[in-house]
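> Which chain is which? The protein sequence lines are L and A, in order.
Read in numbering that gives the first Met the number 0, the first sequence has 69 at position 70, and its numbers run on one by one without any break.
Read in numbering that gives the first Met the number 0, the second sequence has 13 at position 14, and its numbers run on one by one without any break.
Hints listed in this document are in silico derivations from the structure and should not be mistaken for laboratory results.
Source: prediction; values computed, not measured.
Hints may be right or wrong, so weigh each one.
Pairs of lysine-lysine, DSS-like flavour, derived with a Cα cap of 25 angstroms [as the list claims (entries may be wrong)]:
1. Lys186(L) <-> Lys95(A)
2. Lys9(L) <-> Lys108(A)
3. Lys220(A) <-> Lys186(L)
4. Lys55(L) <-> Lys118(L)
5. Lys162(L) <-> Lys44(L)
6. Lys162(L) <-> Lys177(L)
7. Lys162(L) <-> Lys95(A)
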Amino acid sequence: MDKLDFTLLKEVALMDSIPNGAYNIRKNGGSESRFSTDNVRIESKTDKEGININIKSGTKGETVHIPVIITETDYQETVYNDFFIGDDCDVTIMAGCGIHNCGDGESRHDGVHTFYIGKNSIVRYAERHYGDGDGKGGKIMNPETVVYIGEGSTVQMDTTQIKGIDSTYRKTKIVVAKDGNAVVTEKLLTHGDQIAESDMDLILDGENANGRIISRSVAQNDSKQIFRPCITGRAECFGHVRCDSILMDNAKISSIPAVAAEHTHANLVHEAAIGRIAGDQLIKLMTLGLTEEEAEEKILEGFLGE
Amino acid sequence: MLEIKGLCFSADDGAERIDILKNIDLTVEDGTFLVLTGPNGGGKTTLAKAVSGIVQPTGGKIFWNGTDITDMSITDRANLGISYGFQHPPRFTGMKVGDLLSLASGGRKLSRIDCCNYLNKVGLCAADYVDREVDTSLSGGEVKRIEIATILARGSGLMIFDEPEAGIDLWSFAKLTETFRELHNTSKSTIIVISHQERIISLADEIAVVSGGKIAERGPKDELFPKLIGNGIGCEYMRKGN
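Could you put together the complete structure from these sequences and hints?
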C-alpha cells in the first residue's frame, strides 16, 4: 500500500497504520490485506464478491476494520459483506469507502452490508465515505445496509459523508427485536452539484424496542439532498426521528420523515427542520473574535460534529 | 476608556425615518461598572450594539482606548477587547457548551475545570452542561446563563451585558449578582450592564438613564439610584420613552 492508500484509509476508517484486531482491506476489487483473530473470522464469499465476518458469541472489546478503497478510474463494483454476530458481544466495526479518481471514467462502489446480530450484544458500526481526485470521472457510492437486531441487543450506527462523493443513494433497513435498541446517526455534507438520497426504514418489531434516527446535513452550492427516514412501530415501543438541515447557496433539500404505527402502544415522534445559518449565530461568533468565514466554518463543524 | 461622541442611529422602515440614537455623548473610564437603564425602546440595546459593531451608526464616533473603532468590523472590535452578551442569545445545534466557551476564550480547548469555573459563576453545574449542545433542548434561562459565561470566558477589557437577568430564575439571579460583584472587584475590565434590576443597579459605580434615544441623566450610583427607586424618576422616563 502506498501513501495515497493510507490517506484514503485514514479518511474512511481513521486508520494510520495496520489496525489492531481483525481487518480486511479491499483495494480495486482485490483483498489487499486480511487478518482474522480467534473470535473474529473473515473469509471470502464463494458465490459472489464480498466477505463474511463471523464474530463468536461473547466477543468483547474487539474492533473490526473492513475499509474499501478505489484508486482506479472507470472501475465499478458491487460487494456483499455479511456480518454474523453472536450473543453477548461488544464490538466496534469500522467500515467505509474512499475513492480517489484522477481519470475521466466513473468509479463506483455499491456495498451491501447485512448484519445478523444475536441476543444482548452491543455493536457500534461506523461507516465513512470520502472521495477525492481531480479527474472528471464520477465518484459514486450506493450503500445498502440491512440490520437484524436480536433481543436485548443495541446497535449504534454512524454514517458520515463529508464532501467528495458526487452521487449517493443510501438504503437502510433495520429491524429491532424485543428490548432491542437502534440509534442511527447520519451526517452528510454535499457541495458542487452533488446529489445524495437516503431511504431509511427502522422497524420496531418487538416489545420495548427503541429506535432513534438523527440526521444532520448541510447542502452547499447547487447540491441536492433527499431524506426519507421512516420508523414503523409494530409493538409497544418508542421511536424518534429527527432531521436537521442547513441549506446554503442554491442547494435544495427535501426532508420527509415519517412514522407508521401498527400497534396502539407504539410511541413514535418525528421532527424535521431546514434552515440557513442564522445571522445572529454568525454575529455571536464574530463578537468572540472569529471572522465571518471562521464563524460559518465553526457552525458547520459543530452541526456535523466533526 | 470608552468614548462615544455625537452618536446617532436612524432606521428607515421605508415609510419614515426613525431616530433611535440622538447625538449621544458618553465617556466610560477604565474599570468602571456602568449600568444603562431606562424604558423599553429607549435605545440601550442599540447603543450597546453600536459599540460592539453589530449596528453601524449613522453619525458620530466611538473610541476605545483612543482608537477610532467606528468603522471597524465586529471581529476587529472583539479582538481589541470588546465583548457583548446578547439579550436573546442564539442557539447552535451540535455545538457543545464546552466548545462555545473554548471559542469565547480565544480558541484553545478549555479544560473541564476551566469550563466548570465559568459555568459555576452563572449557577450551572459543569458536569451537567459541558457536553450538552447549545440547542433547543436548553431552556431560555440556561442559554442566557451560558451566554454570560462566554463573556466571562472571554475576559475582555470591555464587557457589555444586555439584560443579563432576563429569563433567569430567582436563585440563579442571586448567584449572578454575586458574580458581577466579584468580577468588578477582581478584574480591571470596564463593565456595562443594561438592566432594570435594583440588585444589579445597586452594584454600579455609575448609572446612565437612556430614554428617547438620549442620555437623559448620568451620575454616580449613590446620587442617581435613590432618585430612580424613590422619586419616581423611572416613571418620568417611562412616560417620555413611551
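> What hints, given by number in increasing order, does this structure fail?
3, 5 and 6
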